[in-house]
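J.: Letter by letter, the chains look like this.
Protein chains: 2
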Amino acid sequence: MAADEATKPPTTYEQLAAIEDDFDDVDTEILRLQYKLSSPLYNRRQEVVSHMNNSERFWPLVFEQVPEEFEKFVQPTDSELLSGALRDFNVTRFELEESAEAEDSKGEPRSLHFRFEFQANDWFEDRVLEKRIWYRHAKDGWAGLISEPVKIHWKKNKDLTQGLTDDAIALFQARSAAGDMMKQDLPEYQALVKKVESWNGANTSFFTWFAWISSRRYVGAEESAQAEKETAERREKRKQGEQVEDHSSDKVVTDQDAEVHPFGEELALALAEEVWPAATKFFIQAQEAADDEMSEAEFEEEDADESDEDDEEVSPIDIPSLVKGKKNKHDENGGPPKKRQKT
Amino acid sequence: MAADEATKPPTTYEQLAAIEDDFDDVDTEILRLQYKLSSPLYNRRQEVVSHMNNSERFWPLVFEQVPEEFEKFVQPTDSELLSGALRDFNVTRFELEESAEAEDSKGEPRSLHFRFEFQANDWFEDRVLEKRIWYRHAKDGWAGLISEPVKIHWKKNKDLTQGLTDDAIALFQARSAAGDMMKQDLPEYQALVKKVESWNGANTSFFTWFAWISSRRYVGAEESAQAEKETAERREKRKQGEQVEDHSSDKVVTDQDAEVHPFGEELALALAEEVWPAATKFFIQAQEAADDEMSEAEFEEEDADESDEDDEEVSPIDIPSLVKGKKNKHDENGGPPKKRQKT
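These protein sequence lines map, in sequence, to chains X and D. For what it's worth, our numbering labels the leading residue of the first sequence as 2, then goes sequentially. For what it's worth, our numbering labels the leading residue of the second sequence as 2, then goes sequentially.
The following block holds chain X by itself, in its conformation from the complex:
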């Protein structure tokens, strides 16, 4: 094996790497196409939900039924708040929307926009909380999701994030003013790092996520545009058979000491790829669970009072099976093949 190594034409590897680059482009294009094809269906779903009798219960029920992996992101008080006050939820890929308006077919499909609508509640003044997350390129070759901290107007003594959201915003503003988004020589930096340290990644509120920035460090639009250009140039050279330097020896710079949410990216992807697409399934599951509880209650009631004749079927059609049939179909055949995976 290893003896062959020296005799191999290096271009073979450059060629394989160039093909992998093109596979990445296919993945990105597939995301664009998927958004284009599924957006009208998400809109129809929102429309149908808005006409339901208990439409205000749809999203709270969905969030109650989300999968176990999601539960670690949500504390009991968060659940109480979401269950009581969440009224609408929406996920869009805003850079695709913007590029469609500009008739540009190459918008970035990985950037996400989350919109939560709340009714008046005891915790904060906001009726809408929105978070934008950009897919950006860093000058060291990294590319990934980054965001900016979002202000939540907490009511007095009701801040579920224990000041973390406010402190993250204070640092972001101080750094913006200083023109250096990695600046550490700031009182806001020291304060936030100390608080994050004492917090130690435990007991993070769902709402701390609104202040999440990145799994690595903030990357601005300008740096991203420049880095994307350089990556494209490197790829073009590689395609021409040239050997190109990559960034694998660069020192990795992170800002994680000041990051308030350790799983911000994971949570964003769970919301966009699990909760949002499977909302109907979760809603039906919640109905089913409610029916089960109901039947049990009826049974006990009946047991106690035999004269109760009023035990007609609560749900006139077989609601759960409508959507559960689908679940079985997917589970047993392994579902539609997953997208191409390279990692």
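To be clear, the hints were calculated from the coordinates, so they are not data collected in a lab. A hint or two may mislead.
Here are the computed distance ranges between Cβ atoms for each label pair [unchecked claim]:
#	chain 1	residue 1	chain 2	residue 2	range
1	X	R45	D	A101	28 to 34 Å
2	D	N54	X	D181	46 to 52 Å
3	X	S249	D	E70	25 to 31 Å
With a cut-off of at most 16 Å between alpha-carbon atoms, the simulated EDC-like pairs for lysine to aspartate or glutamate come out as follows [what the hints assert, rightly or not]:
#	chain 1	residue 1	chain 2	residue 2
4	D	K37	D	E81
5	X	K37	D	E30
6	X	K37	D	D23
Since the structure is predicted, the reported quantities are computational estimates derived from the model, not experimental observations. Glycine residues also receive a C-beta, built at the ideal position from the N, C-alpha and C atoms.
Add chain D to chain X, keeping to what the hints say.
T.: Relative to chain X, chain D alone:
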């Protein structure tokens, strides 16, 4: 909650279910588009690999590096055979290829064709083993992957499947002759069930997979066409707001007592969705592992004999980082969002 139930217009649920049907169609269409966009890249990859100096080592190295989940499907003797004799491997979605030739844009993208090419070896006479797997619809509403057992011409006393592949073929032929693919009143059925039982799902050879039929039961082309038509009609009614019966109360009929490979579908999907797309990554990992071993060997040699001057770099370019850079990129940003999941 449950008290609201009786007042809900049933059409809301029919509408939500109809939207879920349309999401399924989008998933299927996305698979078609993904195949169309990525096929030329897979062809280029095969072309580049075929011109490598050690091209005959490519697939054996890939199969050595596949992820842990895959290892349970491959016994040590299988590994020996694959490592020594596998020469080429290819996965296509043959119903898409066929429909493209017929200028039909609606081919089934979930059907798979696997082709393994071998050099002369001690185990079997075949130089090519091919397995086709169809995505088919059963009359009870189930839809999923099914296949037919594939003959392997084992050399004397070399059958790694201990006769399971031959017995599966014998039963398939007896049932075909009888015109009943579920017939149990056959000596071939009794023999196979007994053998499967004694086998108890343990120690299954990779090659037993060639005789795998289904995670449920065999479904022929005729039944599938009829069932698909009925499903489409039900969906159309549902879209028109009609309440439709589903099959959730049907008795599930399986043929698993006579199924020779308990994880046949899982293995097919692992080959098609993990091994095939990520082959370049696995190959590079294998090179890297070989380099590491080499360096260690050199280091020890050097240690023993200080006069050895011949320790130049084996790999003139940074091969691993070419593709590993990608890996980091995907890992750290969570990769491109996964496809819409509903199960």
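J.: Cβ-Cβ distance between D:N54 and X:D181: within 46 to 52 Å?
T.: Because 50 Å falls inside the window, the suggested range holds.
J.: Per the hint of 28 to 34 Å, is the separation of the Cβ atoms of X:R45 and D:A101 within bounds?
T.: 31 Å, holds
J.: Would you check the hint for D:K37 and D:E81, treating anything up to 16 Å between C-alpha atoms as holding?
T.: Distance of about 35 Å is beyond 16 Å: violated.
J.: Straight-line Cα separation of X:K37 and D:D23 no greater than 16 Å?
T.: 13 Å, holds
J.: Does X:K37 pair with D:E30 here, judged by a C-alpha cut-off of 16 Å?
T.: The given pair, whose Cα atoms are some 12 Å apart, holds under the 16 Å limit.
J.: Tell me if the beta carbons of X:S249 and D:E70 are separated by a distance inside 25 to 31 Å.
T.: For D:E70 against X:S249, whose Cβ atoms are near 27 Å apart, the range 25 to 31 Å holds.
Of the hints listed earlier, the one the structure fails to meet is number 4.
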